[in-house]
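Novice: Residue numbers (this note's numbering), protein chains in the order written: chain H, 1 to 340; chain E, 1001 to 1316; chain G, 2001 to 2279; chain A, 3001 to 3145.
There may be inaccurate statements among the hints.
[Said to hold, decoys possible] Which bits of chain H does chain G cover? Going by a derived footprint, with three or more residues having C-beta under 8 Å, they are: (1) 112 to 121; (2) 148 to 161; (3) 259 to 270; (4) 279 to 290; (5) 296 to 304; (6) 311 to 318.
[Stated by the list, open to error] Here are the simulated DMTMM-like pairs of lysine to aspartate or glutamate, each with C-alpha atoms no more than 20 Å apart in a straight line: (7) H:217 to G:2274; (8) E:1070 to H:226; (9) H:54 to E:1273; (10) G:2002 to H:65; (11) E:1283 to A:3027; (12) E:1120 to H:163; (13) G:2002 to H:106; (14) E:1205 to H:161; (15) A:3142 to E:1227; (16) E:1120 to H:48; (17) A:3142 to H:260; (18) E:1185 to A:3126; (19) E:1068 to H:163; (20) E:1185 to A:3098; (21) H:208 to E:1138; (22) H:219 to G:2274; (23) H:198 to E:1138; (24) H:29 to E:1227; (25) E:1120 to H:234; (26) H:29 to E:1273; (27) H:291 to G:2183; (28) H:54 to E:1121; (29) E:1205 to A:3139; (30) H:210 to E:1121; (31) H:29 to E:1223; (32) A:3138 to H:260; (33) H:219 to G:2278; (34) H:291 to E:1141; (35) E:1070 to H:230; (36) E:1120 to H:113; (37) G:2014 to H:75; (38) A:3143 to H:80; (39) A:3142 to G:2055; (40) A:3012 to H:260.
If you're looking for bench data, these hints aren't it; they were derived computationally from the structure.
Ideal Cβ positions, reconstructed from N, Cα and C, are used throughout, including at glycine.
Residues per chain are reported as follows:
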Amino acid sequence: MKEMKIAKSELARFLDSLISEYKVFAPVKQGGFIAFQEIHSGSEVLLDYVNSKKPPKEIFFPQSEVLFNYRLGGEGLGIEEPTFEDKPMVIFGIRPCDARSLVIFDNIFNSQEYKDVYYTAKRERTLVMAIGCNQPSSTCFCTSLGGGPFSTDGSDLLLIDIDQEYVVQAVTDRGKQLVKKHSQFREAGRRSLSLMRKVTQRASTLIKSKVETGETKKKLDGMFEDPFWDWLHEKCLGCAVCTYLCPTCHCFDIADETLDQMGRRVRIWDTCSFPLFTLEASGVNPRPTGKERMRQRVMHKFKYFVDNHNVAACVGCGRCIKDCPVNLDIRTVLNSILNR
Amino acid sequence: MLNTSVMIRDTAKKLLDQKRVDLIIGFETGTLPLRSTPCFVRTSEEAEKLIWNASCENNLARYLWGRKEKVGIVAKGCDTRSIISLIKEKQVAREQVLIIGIPCHGMIDRRKIEAKLDGKEILEADEATERVILKGSDFTETINKAEFLHNSCNTCSYRNPVIYDVLIGDKVEEKQGIDEYGEVKEFEAQPADRRWQSFTNEVSKCIRCYACRNACPLCYCQECFVDSSQPQWIGKTTNLSDTSMFHIIRAFHTAGRCVDCGACDRACPMGIDIRKLTKKIEKDVKELFHYQAGVNLEDMPPLAAFSLDDPQQFIR
Amino acid sequence: MKNPYIPLAMTAEKIVIETDDKNIKTFSLSFLNKAEESSFNYLPGQFAQLSVLGEGEAPFGIASSPTQPGALEFTVNKVGVLTTALHNLEEGAIIGIRGPLGNCFPLELFKGKNIVIVGGGFAFTTLRSLLKYILYHENRSQFSNVTVIYGARRPGLLLYKDEFKQWEARPDLGLYLTVDQADEGWRGKVGVVPNVIKEVAPSPENAYAVVCGPPIMIKFTLPVLRQLGFPPQRIILSLEMKMKCGIGKCGRCNIGNKYVCQAGPVFTLAQLNELSSEY
Amino acid sequence: MQEEKVNGWEPKIIAFLCNWCSYAGADLAGVSRLQYPPNTRIIRVPCSSRISPLLILKSLQRGADGVLVSGCHPGDCHYLSGNYVARRKFAILNNLLEYLGIEKGRVHFAWVSAAEGKRFAELITEITEEVRALGPAKELVKKLD
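Model the full structure from these sequences, guided by the hints.
Specialist: Listed below in structure tokens is the structure:
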């Protein structure tokens, strides 16, 4: 398919036509932050933004999600099997790093043996329309982890902002079909394409933050017992900011909530930062201190996940760097690992 | 600033070399503009990295409990007040800490600056005594520090360390005539349903990351009520009732102990106005029991004491 | 697409108190919907997630053997929220189950081999499953000599007392029961499990050792087995970790890059030696 | 609210009573055959100082329309100073709840002695009517949405 384009002036109309058919999520301003929310009109979308506070993972993997409802006191378990919506969804305006994180998520939730139907039911019916990053932030280090400001991993369509219009790259068949179907897309002329090349080249040079990660996994292979971990966690507060705001962190807890006879089993984001995460009922905790918990976080992202899925569980979005209350910067951690 | 940094380093080196402390907890340069980061220094060589500036915002008293070694701690006025609370509550022994007190001009609130810049990113910040020069990819702007301090710094009347073993530099003049509880009074004046609405609006942002709790120097409970499973006091989801209960109880647990250092507020990634609660409690403790936390080592903590004529109009 | 988070309903047909402190009970469960029984094909060493709705869910090793169809058995020690909820149930109660989960003991490798089963305290549950499986008349000939060394702090804390009485009578089983502290009627050995292993000194020749027990017992048992000549590849352990999903997604039960709920709970010592020591 | 009243809504009130005074006061009300509305569920506790704010909030969360905490009069505490310590705690909590906008009249505190059976009955009557006037609790009530 040829490169296509859409004029910015037509975008709202395009989104409006999408809304009639899809549930559309897009960046909007909410409570002082950028958030991915369902929109009901194309004009709600915010286009001038760096990235959302919380990663869009919550569209597929919400912080609290009902696994099933139940009623106590009746016949059997009283479980009401969940049903899944089938209205197709679009995420518009997701950043390429976050689109990539979905591919990483698939390794866990869409694995061969056990498909996580709650995740896959949403993921499979969602079309991902990313917008490339003309103005990456100083904390963006996507290029160090195999991504980039215009990476197409995980996207069905990638939009590149060339001022008055977006050049549209259709990455998947699904993306191509959508482009064909909507009249707002036109073939991109030579001028648009040359502008696009300028933009992408410029933005790639804007990613100044780089971490060598090629050797990280190899280093970590031999570092489990390294005294490095004895001090690394010292300033860590043990809160969940880095993991909850991480687009690739996927750990969860499961709990029952009952009011009177009605109840539900929910899954809730959980984090390796909390002692409770691995505390057994007997009182034994295999990760009793900040040291083991910090080691788990780093190892999981940059070694175990690579062992198991051949990709690091980090896309370099920089959220954990921006919001850590004590400025424990993962880039510093990665650099220190390489210097061991 | 530079001068203060040098004095902190010299003091730290001396203390470590003379083996008067095993560890110095202070700040080093962070990885982002306007961002210093806590650091732990055990040798005089490492002491070289210690710094001081207007982004040393973390309350380092948070790192004191549970330690065995003798600790030197770099402490602002509010930090020393937290240390007093910890000493009173027997979480730290006075002899175990060597307080390197720093008179403080207030810490810069990055979020206020970011709001002013309306999304433009700061790439570099040059801090002078009263101003900061901010540089971005396409702008340079000079701001007055005093206009961008944390709210807790704006209402602070303990800018000088309350207790210390070493004082770095000269004491600063305490602010006069500040309306310490202005925000609380403003909130009190609203109708009840508006107050509830605005409280729940705030806590609905909560992602239960517990950064507020974990940043607080006084949240040292072995088992926090949110983590208890028998009984399970509150649910684990972001259900509004549960998050409300979490914030009410956490704030209540700071009664008579909170020194309004603002650590909880700064730690919150979602910008929840946590001080709205803690400041109210602090005000009530002062008005009802004439107590201020962390201003001396002698007064009994108010909830561990009573007076026969404590107010009881609310009791039938 | 099957939803792996939905438990099936089982009825607690029988609940037996195992120990004199009443802290351990064995639950015999049967599927409420008999048609579901055939979907639950398990082997010794596997576990399942049991639910008491409203209280939660937790993993338990299956204590029964697939050679006795009908009831699934779980032996539960009362320690936390869910186990307390289970203990509070009466016969006839409905319990949710998800499973079978995890791997099983390497039964194929065991064929034709001598099997040494070492258990301590309340961790005899999946060992019982294994033992019953081996002793089953159609299976017994596939395995060579079987030795069982099982200990508890005192006689009242031994599990499956009636069954052990029957097994004691079997000529094709070397059974050694031991307690740390004997009482009047005690006829077995006295002493901790590692010492009894030394005394019994099972031959490592053509043999596998299967060990389940409290961490302290494991710690002292492994060197004894190694000394006797059991290579790490022939020492089998079953691990316990906190689990939630049981299907390798919730992220908490890993040891290094292996999830105990999927790659385990059964590991050889050789495998564990290659993993980090975080368990 | 109106609708629920039509449907026969009755307020549910949880009363935490100290074992030594207030519970005995309630007992006396009963023994004396004093009539008071049956909307209150009594939970006996050793002392008013046993009442953690968690218990009060948890009651509201789980659907109590009102909560009463009652202990011995000042000076009468079985443990000498339990109620004095509790009084400070309750003062802070009471102010905080009101500050956050939880309706006045949901959470009540009282001193009731063992001899005040009549007062207990009157107190419960008053509180029941106050809570009834407020209607079903709204704030803090946990719903599975």
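Novice: Can the segment 148 to 161 of chain H be counted as covered by chain G under the rule of three residues or more with Cβ-Cβ separation shorter than 8 Å?
Specialist: violated (count 0)
Novice: Are the Cα atoms of residue 54 (chain H) and residue 1273 (chain E) separated by 20 Å or less?
Specialist: Holds - the C-alpha atoms of residue 1273 (chain E) and residue 54 (chain H) are around 18 Å apart, at most 20 Å.
Novice: Keeping to a limit of 20 Å between CA atoms, is the pair of residue 219 (chain H) and residue 2274 (chain G) held or broken?
Specialist: holds (16 Å)
Novice: Hint check: residue 1283 (chain E) vs residue 3027 (chain A), CA-CA at most 20 Å. Holds or violated?
Specialist: violated (39 Å)
Novice: Are the Cα atoms of residue 3142 (chain A) and residue 2055 (chain G) separated by 20 Å or less?
Specialist: Holds - the C-alpha atoms of residue 2055 (chain G) and residue 3142 (chain A) are around 17 Å apart, at most 20 Å.
Novice: Quick one: see if chain G covers the segment 296 to 304 of chain H, three-plus residues with Cβ-Cβ under 8 Å.
Specialist: Satisfied; 5 residues make the cut.
Novice: Holds or violated: residue 3138 (chain A) with residue 260 (chain H), Cα cutoff 20 Å?
Specialist: Since the Cα atoms of residue 3138 (chain A) and residue 260 (chain H) sit roughly 17 Å apart, the hinted pair holds (cutoff 20 Å).
Novice: With the threshold set at 20 Å, check whether the alpha-carbon distance from residue 29 (chain H) to residue 1273 (chain E) stays at or below it.
Specialist: holds (18 Å)
Novice: Can you confirm whether the C-alpha distance between residue 2014 (chain G) and residue 75 (chain H) stays at or below 20 Å?
Specialist: Status holds; Cα separation ~19 Å.
Novice: Given the hint that residue 3142 (chain A) pairs with residue 1227 (chain E), does the C-alpha gap stay at or below 20 Å?
Specialist: holds (19 Å)
Novice: Check whether the Cα positions of residue 1205 (chain E) and residue 161 (chain H) lie no farther apart than 20 Å.
Specialist: violated (31 Å)
Novice: Are residue 3142 (chain A) and residue 260 (chain H) close enough, with their CA atoms no more than 20 Å apart?
Specialist: The hint holds at about 11 Å.
This entry does not satisfy hints 2, 6, 8, 11, 14, 18, 19, 24, 25, 27, 31, 34, 36, going by the numbered hints stated previously.
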